[in-house]
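The sequence shown maps to residues 1 to 210 in our numbering.
Simulated from the structure, these hints should not be mistaken for lab results.
Misleading hints may appear alongside valid ones.
As the list claims (entries may be wrong) - With a Cα cut of at most 30 angstroms, we get these calculated DSSO-like pairs of lysine-lysine:
hint, residue 1, residue 2
1, 33, 83
2, 128, 83
3, 83, 107
4, 125, 186
5, 83, 118
6, 186, 128
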Amino acid sequence: MAAQRMKRDFIPADSGKIEDFQNLSGVIRDEIKRLDGIIEEFLSFSKSRRLELRDFSITEILQKIVSLIREEASARGITIETKWHQSPAVIPMDINKLQQAFLNLIKNAMESMPAQGKISIEVGKEGKNYIAVSISDTGCGMTSEEIERIFNPEYTTKEKGVGLGIPLANEIIRGHGGEIRVISRKGEGTTFEVILPRERFNERPLKDKG
């Protein structure tokens with residue numbers, strides 16, 4: 001709205017400068033959108049610490065996410081492959097927050113591929129007490145230094161926003177008593193492996209976890 005008002009009230013009389021002014025107002029409008037996105041990400045990050053747990057199916061959540069993003073992925077030349085057993089893989093979870101965590105990881109995979117590629121999502125077992133969800137892409141991959149910093153909210157390799165998607169996902173997974181493992185090589189793609197407990201844990205705010 002501010003950019004529109006500036007354009008309406010302060011557009012130059014010199015026709016030769018109108019194009020420059022319009023370009024500038026467009027930059028300002030984009031910057032406002034970016035800042036709005038940053039604020040929204042910070043609010044989501046701060047709200048991720050308290051969970052409301054109930055038993056629900058991981059595969060149902062993943063199927064919903066895939067249905068939501070498949071059209072966008074297809075338009076970008078990205079195929080999504082899923083592999084899981086008929087078992088629904090029911091675990092204690094905060095449904096909305098865990099869905100957000102997986103959505104962030106899958107969107108990150110999409111953004112790592114500028115044009116075409118493949119995302120593979122697989123659900124399996126990690127021993128007797130844990131469920132493992134792997135999200136692999138054929139994107140640009142990361143160096144070991146980037147992997148070490150990827151969960152740091154102050155670090156991002158993206159040009160837009162502050163890149164809180166992965167740190168937020170990590171915060172949510174840790175809040176569920178789980179962890180995220182990262183396997184990646186520059187130029188060869190990335191795999192995020194999410195490990196989550198099958199049984200209910202002693203849920204408490206993450207800042208109190210030792």
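Each hint, compared with the structure:
Proximity of residue 33 to residue 83 is assessed by CA-CA distance (about 37 angstroms); at most 30 angstroms being required, the pair is judged violated. Restraint check for residue 128 and residue 83: satisfied, since their Cα atoms lie roughly 19 angstroms apart, inside the 30 angstroms limit. Of the pairs offered as hints, the one joining residue 83 and residue 107 holds, with about 18 angstroms between alpha carbons and a cut-off of 30 angstroms not exceeded. With a C-alpha separation of about 28 angstroms, the suggested pairing of residue 125 with residue 186 holds against the 30 angstroms cut-off.
This hinted pair checks out: residue 83 and residue 118 have alpha carbons roughly 14 angstroms apart, not beyond 30 angstroms. With a C-alpha separation of about 33 angstroms, the suggested pair residue 186 and residue 128 falls outside the 30 angstroms cut-off, and the hint is violated.
The structure shown violates the earlier hints numbered 1 and 6.
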